[in-house]
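Whole structure, please, built from the sequences with the hints as guidance.
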Amino acid sequence: MMAPALPREFYQRDTATVARDLLGRTLVHVVDGIPRAGRIVETEAYLGPHDLASHSSKGRTERNAVMFGPPGHAYVYMIYGMHFCLNTVTEPEGHGAAVLLRALEPVVNLPGRTGGPGLLCRALGIDRRWNGCDLTGPDLYISAETPPRKLRILTSPRIGVDYAGAWARRHLRFYLAENPFVSGKKPRKTA
DNA sequence: AGCGGGATTAGC
DNA sequence: CTAATCCCGCTT
Numbered sequence: 127m128m129a130p131a132l133p134r135e136f137y138q139r140d141t142a143t144v145a146r147d148l149l150g151r152t153l154v155h156v157v158d159g160i161p162r163a164g165r166i167v168e169t170e171a172y173l174g175p176h177d178l179a180s181h182s183s184k185g186r187t188e189r190n191a192v193m194f195g196p197p198g199h200a201y202v203y204m205i206y207g208m209h210f211c212l213n214t215v216t217e218p219e220g221h222g223a224a225v226l227l228r229a230l231e232p233v234v235n236l237p238g239r240t241g242g243p244g245l246l247c248r249a250l251g252i253d254r255r256w257n258g259c260d261l262t263g264p265d266l267y268i269s270a271e272t273p274p275r276k277l278r279i280l281t282s283p284r285i286g287v288d289y290a291g292a293w294a295r296r297h298l299r300f301y302l303a304e305n306p307f308v309s310g311k312k313p314r315k316t317a
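If you use the numbering used here, the first sequence corresponds to residues 127 to 317, in order.
Hints in this document: simulated from the structure, not taken from any laboratory. Glycine included, every Cβ here is placed at the ideal spot set by N, Cα and C.
What follows is a list of derived Cβ distance ranges for each label pair:
| no. | residue 1 | residue 2 | range |
| --- | --- | --- | --- |
| 1 | P274 | M204 | 33 to 39 angstroms |
| 2 | P274 | A191 | 34 to 40 angstroms |
| 3 | G238 | G286 | 17 to 23 angstroms |
| 4 | G263 | H209 | 21 to 27 angstroms |
| 5 | P133 | G159 | 23 to 29 angstroms |
Put into structure tokens, the structure is as follows:
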């Protein structure tokens, strides 16, 4: 559990690459000295202001300012008036990109469901106060420990961004194959 | 100052 | 399918 946090350089890269590379790694939140940890099994990449599904596509605002800041920080926002979503800022400062963490497989001290961005934040105890938190610090971070075995990674369009035209169809969602904690609609065998 | 809508979830 | 529920960002 004492593995170091991923360094800032990890996040300062191509956003889709970071989204893939985060899969299988362990997200840790230390609450009152007690670590809560889960394995990241589902992510989505939001590429920047040109990406019409990204919050940054409407330019820098008070809400999304952290996205335009330096990489390796947490972008946390409230959605639908009742849930929080946790992102990691990526690319060089000023770019306006982030990776949404959508689902965890519980590792330690994560009771309740963790499959879905809102549930993930609830289980970890993440809310608005963590917006802007430096992920290279000791309280909220992703372990630098490399996933032990090779991962089977699948892709799909991102969830809930149908308004984004062609960008909605891009495969910028990444998840571990056959992992029961992955959220969203499973592909249905119809035809 | 008012209003529309959202990177979701749960319940009918 | 739709309500819940609050903050933000844009319009008036």
